[in-house]
Structures are given as structure tokens and as C-alpha cells.
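Protein chains: 2
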Amino acid sequence: MSIKLKNGIILATGENGDFRVLEGSCIVINGKIIEYIGPEEDAPCADEVKDMRNRILMPGLVNAHGHGPMTLLRGVGGGLALQEWLETAIFPIEDKLTPEDIAVGERWAIMEMLASGTTCVSDMYDFPWKTWEVMKESGIKGNVCRVGLSFSDTEEIPTNRFNECVSLVRDYKDEDDRVFSEFCLHSEYLTKEAFVRKIAEINSELHANVNVHVSETRREHEECKARHNGLTPIQYLEKCGILDENTYAAHCVWVEDGDLEIMKEKKVSAVFNPSSNCKLASGFASIDKMLTKGVNVALGTDGCASNDNLNMFEEMHLGSMIIKNIKSDATKLNSEQMLKLATVNGARAMGRTDTGELKVGKRADIIAVSLDKPHMYPAFNIPNLLVYSAQGSDVVMTMVDGNILYENGEYKTIDAEKARFEMKKCIDRIYG
Amino acid sequence: MSIKLKNGIILATGENGDFRVLEGSCIVINGKIIEYIGPEEDAPCADEVKDMRNRILMPGLVNAHGHGPMTLLRGVGGGLALQEWLETAIFPIEDKLTPEDIAVGERWAIMEMLASGTTCVSDMYDFPWKTWEVMKESGIKGNVCRVGLSFSDTEEIPTNRFNECVSLVRDYKDEDDRVFSEFCLHSEYLTKEAFVRKIAEINSELHANVNVHVSETRREHEECKARHNGLTPIQYLEKCGILDENTYAAHCVWVEDGDLEIMKEKKVSAVFNPSSNCKLASGFASIDKMLTKGVNVALGTDGCASNDNLNMFEEMHLGSMIIKNIKSDATKLNSEQMLKLATVNGARAMGRTDTGELKVGKRADIIAVSLDKPHMYPAFNIPNLLVYSAQGSDVVMTMVDGNILYENGEYKTIDAEKARFEMKKCIDRIYG
Chain D
0 MSIKLKNGII
10 LATGENGDFR
20 VLEGSCIVIN
30 GKIIEYIGPE
40 EDAPCADEVK
50 DMRNRILMPG
60 LVNAHGHGPM
70 TLLRGVGGGL
80 ALQEWLETAI
90 FPIEDKLTPE
100 DIAVGERWAI
110 MEMLASGTTC
120 VSDMYDFPWK
130 TWEVMKESGI
140 KGNVCRVGLS
150 FSDTEEIPTN
160 RFNECVSLVR
170 DYKDEDDRVF
180 SEFCLHSEYL
190 TKEAFVRKIA
200 EINSELHANV
210 NVHVSETRRE
220 HEECKARHNG
230 LTPIQYLEKC
240 GILDENTYAA
250 HCVWVEDGDL
260 EIMKEKKVSA
270 VFNPSSNCKL
280 ASGFASIDKM
290 LTKGVNVALG
300 TDGCASNDNL
310 NMFEEMHLGS
320 MIIKNIKSDA
330 TKLNSEQMLK
340 LATVNGARAM
350 GRTDTGELKV
360 GKRADIIAVS
370 LDKPHMYPAF
380 NIPNLLVYSA
390 QGSDVVMTMV
400 DGNILYENGE
410 YKTIDAEKAR
420 FEMKKCIDRI
430 YG
Chain V
0 MSIKLKNGII
10 LATGENGDFR
20 VLEGSCIVIN
30 GKIIEYIGPE
40 EDAPCADEVK
50 DMRNRILMPG
60 LVNAHGHGPM
70 TLLRGVGGGL
80 ALQEWLETAI
90 FPIEDKLTPE
100 DIAVGERWAI
110 MEMLASGTTC
120 VSDMYDFPWK
130 TWEVMKESGI
140 KGNVCRVGLS
150 FSDTEEIPTN
160 RFNECVSLVR
170 DYKDEDDRVF
180 SEFCLHSEYL
190 TKEAFVRKIA
200 EINSELHANV
210 NVHVSETRRE
220 HEECKARHNG
230 LTPIQYLEKC
240 GILDENTYAA
250 HCVWVEDGDL
260 EIMKEKKVSA
270 VFNPSSNCKL
280 ASGFASIDKM
290 LTKGVNVALG
300 TDGCASNDNL
310 NMFEEMHLGS
320 MIIKNIKSDA
330 TKLNSEQMLK
340 LATVNGARAM
350 GRTDTGELKV
360 GKRADIIAVS
370 LDKPHMYPAF
380 NIPNLLVYSA
390 QGSDVVMTMV
400 DGNILYENGE
410 YKTIDAEKAR
420 FEMKKCIDRI
430 YG
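Chains as they are written, first to last, in numbering that gives the first Met the number 0: chain D, 0 to 431; chain V, 0 to 431.
Do not rely on the hints blindly, as some may be mistaken.
It does not matter which identical chain is used: a pair holds within one copy or between any two.
As the list claims (entries may be wrong) - Straight-line alpha carbon distances no greater than 30 Å define the calculated DSS-like cross-link-like pairs of lysine-lysine that follow: (1) K411 to K372; (2) K372 to K424; (3) K417 to K326; (4) K135 to K288; (5) K292 to K326; (6) K224 to K326; (7) K423 to K5.
Just so you know, these hints were derived from the structure itself, not from any lab.
The whole structure should be built from the sequences, with the hints applied where relevant.
The following block contains the structure:
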């Protein structure tokens, strides 16, 4: 099956990795792959032709840090700081969630993400095998992990949980290479050293990605140093042997200059979560410094309980705005850089070199952004328009691996009515 | 003509000024006025009944600082800091604009604003009589001024401009009290003392509102002090006798504690413009301190060339997020406070005591926000949902003075096709 997308404005990636805005060109997708980007007259034929007039065609957005099923907790505990928010508002509800709830909440999250242009998402939450299944059936792309936690005060490894972590990575394989299973260490403060080391050991054979929260709050960062002879979370994780190019670290708000050196050397990616960091008042990550040092920085929404949505357009906007003002420099984190955070850098963080860019040979993970609404005209500078003017709702088509999953308000792989009915039933039971 | 809006979730204002979320109630509008808010069974009859199931009914948003026709310059000079942006990118284009362009650009701005829930807007730009006419014909509510400028180095008052400022206030009267004409002093740096004093003198009879830019950048603030024996822009304006409850001051990023005392005493309102201040890297206004001091703070988008849209939902989101994080306190500028900035406080800043709240006897300036999309469910806390989860595109109905101006993508008073055609013609000529 091949599709031609014609008459759109294409945000392609050139040979040097920079964006090139193409007009009068088309994209031809063959199966899962982008086969051709170029002038219409030289394009190969396709089984289906779609007119993308007055649409920007861009790489699908990569949400590199999230907790999808937290749609079930949207807005819960709004206005509290991180620790109080977790302990008094979030954990008591999470204790009630069943695997079926997770499936329902994740499906609802995927609906929101597809409608706002996310094609690939990292998900860290309970009952990840359910998330894995829902991702598979929905057609979205994602990385899923069993949360690596060891609550006890001793270094004893919780065998069940450890085995579940390993089994997810070993047994959940997707022949389409669309849904990845990976390891997770919740954080320095919730994962004991023996656990971290054992994951590192087993992953030296399995080579899965490793997802971890790092230095989200000042308290977490300082308490780690107090516990570990002055080692920061990054230094501690390095000591445990877990840091390499497979590792991506969410938040990194309080990382120090030395941490950035380690991240650069070990090729660890950072994930910027501007809404969550602002809403929980966790601090401003030094994104500009990370980029200058050559650290790969991705973008994420975090769970929608601390955001309170999964809208990557909002993250791009907020992230770019705050970094300029924090640095007192309007040229910082410009729209092209921000679009890379939200696409190719996210893909790289999640261990995917075959997506995040519109380029021949890459997977066809493509979204169409409408220019129909007043706020999208005039369109002098396409990257600026996408970051500063657009809303998530301007997305009118979301394609993953060549399959259209969402188009003009309709979901192709999800029964929206049923999903809403199930979501309401869950919410009524959990909070009823 | 009377309308009943039934089955919606109503964000009403109680006697103490706090929000009250009402379910199972309805709103009845008689002519321009909210006649009834309460249980359906006690409601008076109405000529028309509209089902607002799964919609939040809230006060229309008040955009208290803008330059509407700058839709013609959307995204121009993106990434430059304020002074360079103005001098190299904006002013050369503005020199080309005709009164007809202003009408076209303002109409385009109003379309964007109505579609994202703004019912009342402050507008400061050239050819304001054109803006006045377009506001009148569109049905939106707004304040319009002739920009008070005196470019020359002497204190000589530019007679033509001064007369135009006065004539706008004297001659442009709206019998519906919907479009106000008011005075404007561009800023301390572009308006000489003699000009400011003469406006103050004449306004002691006319009692119009006065719109002024204050302490937007550190450079502006410090240069004022250097020019005026250490007086800040607020102190300088006070010395010129212009500050009173009619005055509202945009930006106020660099105001000092003493300035806030003056603003509080003189009842001067401040207007927070988070996107513009971030995008131009002008600094973070001390909104929390202003509110604590008892200064009335409103919210604005500024012109869409430095934003790059006119979406008040985005401003609420960004503004609330950055203040929490700057103050390292997740409880700061909560969603109810932010909704007040964007509604009743804005109305007060613009000299309007009859709007900005859903209360019996107030003007019927009401918007409906849809809960249909995945990101708007669950809806545990309506103010949080509006500030943190909603997008401007969730607005499905915008009513001003009891007239529905926008509903489900359709404009009732503007020919959208014609407006787009004219906008394109303007853009092609200006930049062609």
C-alpha cells in the first residue's frame, strides 16, 4: 500500500540535519517507509493520493516522558508541590487502580496524543503489559517499562518486581519494531543500589533502553548527595554502571555542570518537561547549557496529573518561552531547536534512529497541521508558526508507520464512543 | 429577545466575588443583560433555549493589552530582542500600512479572538477610528485609542496627533457602551512631559481611560531613571499627573516596590503579558507581589507579532505556570486567581464594572467551553481544567451583550471567506 501526500508545505530534514521547508513538493509513503520527498512531477505513483493543501506536513511529535494512564488522575491535587502532591493526592488513588483501569486510561491518553500530533511516546507506569497491548492495538509508537522500584530500606532486591522488569523486556517483543519494552529505574530515591546494579548487569546483554527520573526537585538532588557522600543522582547512577547511550533521564532540573559532562560522555539523553516542572514549581532546567554542552535533549509532557494535558504543542511553546526569558535572550531555544527536541532528539533518546525526521528511508511518522484558522495566517516562518502560534488542535492528520490513525477528528483504530464510556465507568468507580 | 442557556456547568461569581461552580442551573439572558442564574425549574421563560450539555459557561475573556492589526505582522522578526525587533523588523513594515490594512488586520484579529473566547479587548494602534468601526460592526467589546506619541526632542506638542487623540475620545461615542474610545500615552520614552501633562489636563474633564506601556524592559526602566533624576516610569507619570483609577499600565515587568505603592494608592491597573515578555526576553513581572500589595492585575496577549497569537487560554496557562516556578511555590497564581486576571480584573482595568463576571445584572458576555475532547475529561476542578488543560479551540460559543458572535466554527457577524481574501490581498501587497 502506498500513499502520496501532495500540495502540503513539507518540513523536511536536509542532509546536514537542518530543517528545509519545501513547497510544491510531495511525500510518497510505501508501506511503513518514506520512499520519496520531492517535486510532484518526478514522484512515483501511489495507490492513494491525499490533498494536503494548506497543511504543514511535519514529523510526528515524540513525547519522551509520560505516564499515560494518569489521564485517570487529570488535575488531581492541582496546586500542591511535588512531594505533598504525590503522597496526599496521587498515591492513594493509584493504589486503587486495576490492570483494566490502566488499559482504559492509556487508551484515553493515546486519543489525546493522536489528536494533538504525538506519534511516539515513552510510558512509565504500573501494569505496563496492559499499556503495551493498548499501544499495539492503537497503532501508536512507544516505549514501555515496568517501574524499577525497591522501597525497602535494605539492599534486598524485590524478586517479583525485578523478574517482572526483566520479563517485560525479554518477552514483550514487537515484530513491527513499533512498541519497545525497556527497563526503568524510578529514581535514585526509590531504587536501591543493588537493584540498579542488577539491571545494569542484565542489560549489558539485553541492550534495552533505560528510563529514569533524575534531579527533578532540589530536595531530591540534595538528599541524594547527603545519602551518597556528595554524589549527585547522575554520579550515583554512573557509579552503579547504568549510564550509557541507552539511558534517558527525565527532568534533570538540578543537574550540575559535572553531571552534564558525564551525560555528554556517556551519551545519556535528558528529557525537558516544562509544564510539569512549572506546575509543581520544581525549577527551570538548564536546557540552553545542556544543548551547548552537546547533551541530547528531548521533550515530554510528564503524566497529565501534573500538567494537566498531553499536548506537545503546549510543551514546545512553554519550553521555548521560559528558556528565552530565564536566559534574558530572545534568541535562545529558537523554534527550529525546539522542534528538534520534540521530534528527532526524542526519537534518539528513545533508541529510535528511524523516525523523528521527514527523510527518505525513515519510518512514515507524519502529522498534518492545518493553516485554516486565523491564528495560522500569515505563515512567514513555518518553524515559528508551529512553536509560537499553533495549538494541538490544529493537527488534522496523524500517521504512524504509514497508517493514518487520526484524521479530522476521527480515530481509525479506536472506538471513541466506547473508550469514553469505559473511561467514565472507571472514573465513577475510582472516585465514586 | 431572551435566551436560556441550559444544562451547562456554570462558572458564576458569588456575592463575595469568588467563583461558584453550578451544575443543574441555567442562565437566562434578556437583551444585553444576565437576568437569571439558578435552578432550571425556577427560571423565567425565554424566546430561545440552547442546550449547553457538556459545556462550561464562563465569563468571556478580557484581553487587556493588544495591538490587533498586528496580525498583519504575525511572526515578523521572530527571535529578536525588543529594541532590535521594533527597529529592524516591525517599524519598516508598519510604515507601509494604510487605514484599509488596519481594518483588515483588526477584523482578522477579532476572528481569532472570538474563536478563542475573548469578548473584550484593549487595542492600541494606528488609525484607531478604523479599529473602532471594525469593532462596532463585529459585535466585540473593546477600548480603542490614538497612540499618544511625541517623537521630537523638544517638549513641543505635535498638534495634529494631540488633536486626533482628543477627537477620538470626544467624537467616537458608542450608544451601546460597547466600544470605548480612550487616551493613550505610548510610554515614557516616546511621549514627552508636556504631552502627558496636556492629556492629563484634558482628561480631568473627559474621564476617559488611559492606556500606557510601563517598564517593559530593564533598559527602558533604567533609561527613564537616568533621564528623570532617578524617577521610574511610574514615578514620572505620577509627577505628570496622569495616574488615577482610569489608567492601566501594560507590562510593568521592572516596576519597583515604591511603584507598586503608587499604583495601589492611585488605583492604577497592571496588565500581565506573559507570552510577549517571554518571547522578547523582557523579564518576569512580579505578579504575585502585585496581587499581595492589592494592585489590580489584568492579562493581555500584546500584539501577535511578539506572541505570536491572540489566545488568552495560552496566556492563562503560561502566566500561571511561570509565576509558580519563579516563586518556587506551586500554590502561587492558582487557577481561580488566573481566571480573575483574565476576566473581571481585565474588565476593571478597562473601566468596565458591568462585565467580566457571570452575575445577575451584568452584561451577557459569556463563552461556552466544550468538554467533548479527551483532554477535558475527567473534569474534577473546573478552574484548573480551564487554566491547565483547555485550549482556545475548546471554545464553541462566544456571546457579547447577549449576541452570539461565534458558534461551532461559524462567525455570525463576519464574512470569514471575504475576510481571508482581503487579508491575503493585504499581505501580498505589503510583503510582495
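Hints, verified against the model:
1. Taking CA atoms no more than 30 Å apart as the test, K411 paired with K372 passes in both settings, with 24 Å inside one copy and 16 Å between copies.
2. For a Cα distance limit of 30 Å, the shortest separation of K372 from K424 across copies, 17 Å, qualifies, whereas the shortest one inside one copy, 35 Å, does not.
3. For a Cα distance limit of 30 Å, the shortest separation of K417 from K326 qualifies neither inside one copy, at 47 Å, nor across copies, at 43 Å.
4. In this assembly of identical chains, the alpha carbons of K135 and K288 never lie at most 30 Å apart, being 37 Å within a copy and 50 Å across copies at closest.
5. Taking the shortest Cα distances, K292 and K326 sit within 30 Å of each other both inside one copy (16 Å) and across copies (28 Å).
6. Taking the closest pair of Cα atoms, K224 and K326 come within 30 Å of each other both inside a single copy (27 Å) and across two copies (24 Å).
7. Taking the closest pair of Cα atoms, K423 and K5 come within 30 Å of each other only across two copies (22 Å); inside a single copy the shortest separation is 40 Å, beyond that limit.
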